[in-house]
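Asks: As a plain string of letters, each chain reads:
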Amino acid sequence: MSLSNEPIIVANDLTISYELHRERKKLTALQDINLEVKAGEFVVLVGPSGCGKTSFINAISGLVPKETGSVTVRGEEVTGPGPDRAMVFQDYALLPWRTVESNVRMPFEFQDLGVSEAEKKKRVQECLELVDLNGFEKSFPYELSGGMKQRVGIARALITHPDILLADEPFAAIDAMTREAMQAEMERIVMETGQTCVFITHSIDEAILLGDRVVVISYRPGKVKEIVDINFPRPRMSNSEVKTSREYAEIRDHIWKLVKDEASQTNRGE
Amino acid sequence: MANKGQQNAQVFDTDDPDRIQDIGWTAREVWRRSRGFVVTSINIMTFFILWEIVTIYGNINPLFLPKASDMFMELWVGLTTRAPEGAVFSGSILDHFLHSFSNLMFGLGIAILIGVPGGLLMGGNKYIEAILSPYVWALASLPRIALVPLFILFLGFTTTMQVTIIVISAVFPIMINAWAGVKTTEKSLLAAARVFGANRRQLYVKVVLPYTLPFIISGIQQGIGRGLIGVVIAELFGGSNGLGYLIQRSADTFNTAMNFAVLLLLIVMSLSLINFTRWLEAYVAPWRSANHL
Ligand SMILES: Nc1ncnc2c1ncn2[C@@H]1O[C@H](COP(=O)(O)OP(=O)(O)OP(=O)(O)O)[C@@H](O)[C@H]1O
Ligand SMILES: [Mg+2]
Numbered sequence: 032m033s034l035s036n037e038p039i040i041v042a043n044d045l046t047i048s049y050e051l052h053r054e055r056k057k058l059t060a061l062q063d064i065n066l067e068v069k070a071g072e073f074v075v076l077v078g079p080s081g082c083g084k085t086s087f088i089n090a091i092s093g094l095v096p097k098e099t100g101s102v103t104v105r106g107e108e109v110t111g112p113g114p115d116r117a118m119v120f121q122d123y124a125l126l127p128w129r130t131v132e133s134n135v136r137m138p139f140e141f142q143d144l145g146v147s148e149a150e151k152k153k154r155v156q157e158c159l160e161l162v163d164l165n166g167f168e169k170s171f172p173y174e175l176s177g178g179m180k181q182r183v184g185i186a187r188a189l190i191t192h193p194d195i196l197l198a199d200e201p202f203a204a205i206d207a208m209t210r211e212a213m214q215a216e217m218e219r220i221v222m223e224t225g226q227t228c229v230f231i232t233h234s235i236d237e238a239i240l241l242g243d244r245v246v247v248i249s250y251r252p253g254k255v256k257e258i259v260d261i262n263f264p265r266p267r268m269s270n271s272e273v274k275t276s277r278e279y280a281e282i283r284d285h286i287w288k289l290v291k292d293e294a295s296q297t298n299r300g301e
Numbered sequence: 005m006a007n008k009g010q011q012n013a014q015v016f017d018t019d020d021p022d023r024i025q026d027i028g029w030t031a032r033e034v035w036r037r038s039r040g041f042v043v044t045s046i047n048i049m050t051f052f053i054l055w056e057i058v059t060i061y062g063n064i065n066p067l068f069l070p071k072a073s074d075m076f077m078e079l080w081v082g083l084t085t086r087a088p089e090g091a092v093f094s095g096s097i098l099d100h101f102l103h104s105f106s107n108l109m110f111g112l113g114i115a116i117l118i119g120v121p122g123g124l125l126m127g128g129n130k131y132i133e134a135i136l137s138p139y140v141w142a143l144a145s146l147p148r149i150a151l152v153p154l155f156i157l158f159l160g161f162t163t164t165m166q167v168t169i170i171v172i173s174a175v176f177p178i179m180i181n182a183w184a185g186v187k188t189t190e191k192s193l194l195a196a197a198r199v200f201g202a203n204r205r206q207l208y209v210k211v212v213l214p215y216t217l218p219f220i221i222s223g224i225q226q227g228i229g230r231g232l233i234g235v236v237i238a239e240l241f242g243g244s245n246g247l248g249y250l251i252q253r254s255a256d257t258f259n260t261a262m263n264f265a266v267l268l269l270l271i272v273m274s275l276s277l278i279n280f281t282r283w284l285e286a287y288v289a290p291w292r293s294a295n296h297l
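The listed protein sequences correspond, in order, to chains A and B. So in the working numbering, spot 258 of the first sequence is number 289, and the numbers just go up one at a time. So in the working numbering, spot 217 of the second sequence is number 221, and the numbers just go up one at a time.
To be clear, the hints were calculated from the coordinates, so they are not data collected in a lab. Be careful, since some hints might not be right.
As the list claims (entries may be wrong) - Below are the DSS-like pairs computed for lysine-lysine, each with C-alpha atoms no more than 25 angstroms apart in a straight line:
#1 A:LYS152 x B:LYS191
#2 A:LYS57 x B:LYS130
#3 A:LYS57 x B:LYS187
#4 B:LYS210 x A:LYS151
#5 A:LYS254 x A:LYS291
#6 B:LYS191 x A:LYS57
#7 B:LYS130 x A:LYS56
#8 B:LYS210 x A:LYS180
#9 A:LYS256 x A:LYS291
#10 A:LYS56 x B:LYS210
Quantities reported herein were computed from a predicted structural model and do not represent experimental measurements.
Chain A with its partners taken away, still in its complex shape:
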């Protein structure tokens, strides 16, 4: 895995706001975000609930329009979704009338990516294997547990081998053991494919273990509070020394304080 220094995603003074229809007001979710993500980089966003993390990756995926500023992917302004970006949704967003297999295949169905039928079949199996759901191809989402649904969403996002993976708390509903396995899997994929990843999590450990950089977002309006570089050598998941090192404890403590600062503002009210 070599990090080229070419930025692939650039957010420039990005502001996102939502109109509140009931009272002719607008809510600024994110304000003046500046962030460059390099090709192959793993950027993790952390911050208190409601600070605008989902809004940010929705702006990169092209689902949410920006108010001012810009988001570019490879130099081009984002105006809508594209096949170079895939997403794992916080609320899974699986089509309830489709089986697991058919949900996972969905990205191939909607766009022609020049992948042969045999290759599609192979990738479905691969991706289901990856998230430990083989045997559940014919199940429907309502027959699965929350964590299983989330893993279907992960398989769906990985199946096209996208350049950029936008993952919105992809492991939130998954139990600790499976979660660790999936984190290792994630690290392996990123190392092997050089995929760029923007990843949201509430777990600081997960952020440090996976991220090249951790972006702490402040609360109301969301701004970049601090960007923390993480320089542990990869692979980190299989390396027990990382978690026990002093540096790890220090970074963890540092990020924890930053987030706690922000979160405590939540409790103080508006």
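The hints should help you fit chain B with the ligands onto chain A, whose structure is shown.
Replies: Only chain B with the ligands this time, still in chain A's reference frame:
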């Protein structure tokens, strides 16, 4: 990773005998599943037996309440005989039933053909919605029976008139439900489809339409209820055919048993159709019933 695969294989394999076992049938389970049916059957039989006893020993004028057995007799005879060739009026329930039923099906069919695309268009295009919605709401809120004299004026006492009333009765619940289905399609499903490359047409065909299907079916279910009212009203007002006409005629000729027989038939017909759509809804959208515990 091999390690993880093995560790989880036993947890996630559907064929695994540790997790999926044949639990077999117990007498208790058979009873649990059939008791609703058994209790209802006994309940209804008791009702008719009591009715029979009351009418036999109660010295009740059969003009007001015929014996249950007379009612069933009328029903049986009416359903097993047909009018002779060339008869002007038929006393056969079957003839009238077939007339009403085919009208209902025909009218429902037209109502579906108009209501479903109409509702989808209104949900999908805000201009069409803005233009059509006042008329849809106006006609939907108008008691449909108020239109009957007008249709008789336009179309006379014809089958066309009867079908038109059924259509006008059934089309609005279907249309409004389809419209609501499109409008309430979960935003996150649309977002996911868009992220994975769906264009506008695919969004409609692959997300909005399947999401709306159960709404359309409940619309049809309501449409059946309204349509049946339409059938009876259309036939009560005009014509010499159909169950509505038979209700009127049996009352005019003081044949209360026949009247009750037709009412019973209407109940059975209505319940069967509604249960069929319930089953259909559960069949095409099992996730909706699986959602509530
Ligand atoms: N569609 C919307 N309409 C109005 N306001 C919205 C909408 N989506 C998000 N918001 C507001 O924007 C802010 C940021 O929301 P966002 O979903 O980006 O937060 P988040 O950081 O992802 O939170 P969480 O960690 O809980 O997922 C919130 O205050 C929320 O109320
Ligand atoms: Mg979020």
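Asks: For every hint, state whether the structure bears it out.
Replies: Outcome of the hint check:
1. The straight-line distance between the Cα atoms of LYS152 (chain A) and LYS191 (chain B) is roughly 29 angstroms, outside the 25 angstroms bound, and the hint therefore fails.
2. Distance restraint check for LYS57 (chain A) and LYS130 (chain B): the Cα-Cα separation of roughly 23 angstroms lies within the 25 angstroms cut-off, and the hinted pair is therefore satisfied.
3. This hinted pair checks out: LYS57 (chain A) and LYS187 (chain B) have alpha carbons roughly 23 angstroms apart, not beyond 25 angstroms.
4. Between LYS210 (chain B) and LYS151 (chain A), the direct Cα distance comes to roughly 19 angstroms. Compliance with the 25 angstroms bound is thereby established for this hinted pair.
5. As the CA atoms of LYS254 (chain A) and LYS291 (chain A) are separated by approximately 15 angstroms, the hinted pair is consistent with the 25 angstroms bound.
6. Proximity of LYS191 (chain B) to LYS57 (chain A) is assessed by CA-CA distance (about 20 angstroms); at most 25 angstroms being required, the pair is judged to hold.
7. Pair hint LYS130 (chain B) plus LYS56 (chain A) holds up; C-alpha atoms about 23 angstroms apart against a cutoff of 25 angstroms.
8. Between the alpha carbons of LYS210 (chain B) and LYS180 (chain A) the distance comes to roughly 20 angstroms, so the proposed pair stays at or under 25 angstroms and holds.
9. Distance restraint check for LYS256 (chain A) and LYS291 (chain A): the Cα-Cα separation of roughly 12 angstroms lies within the 25 angstroms cut-off, and the hinted pair is therefore satisfied.
10. Of the pairs offered as hints, the one joining LYS56 (chain A) and LYS210 (chain B) is violated, with about 35 angstroms between alpha carbons and a cut-off of 25 angstroms exceeded.
The structure does not agree with the numbered hints 1, 10 stated previously, though it agrees with the rest.
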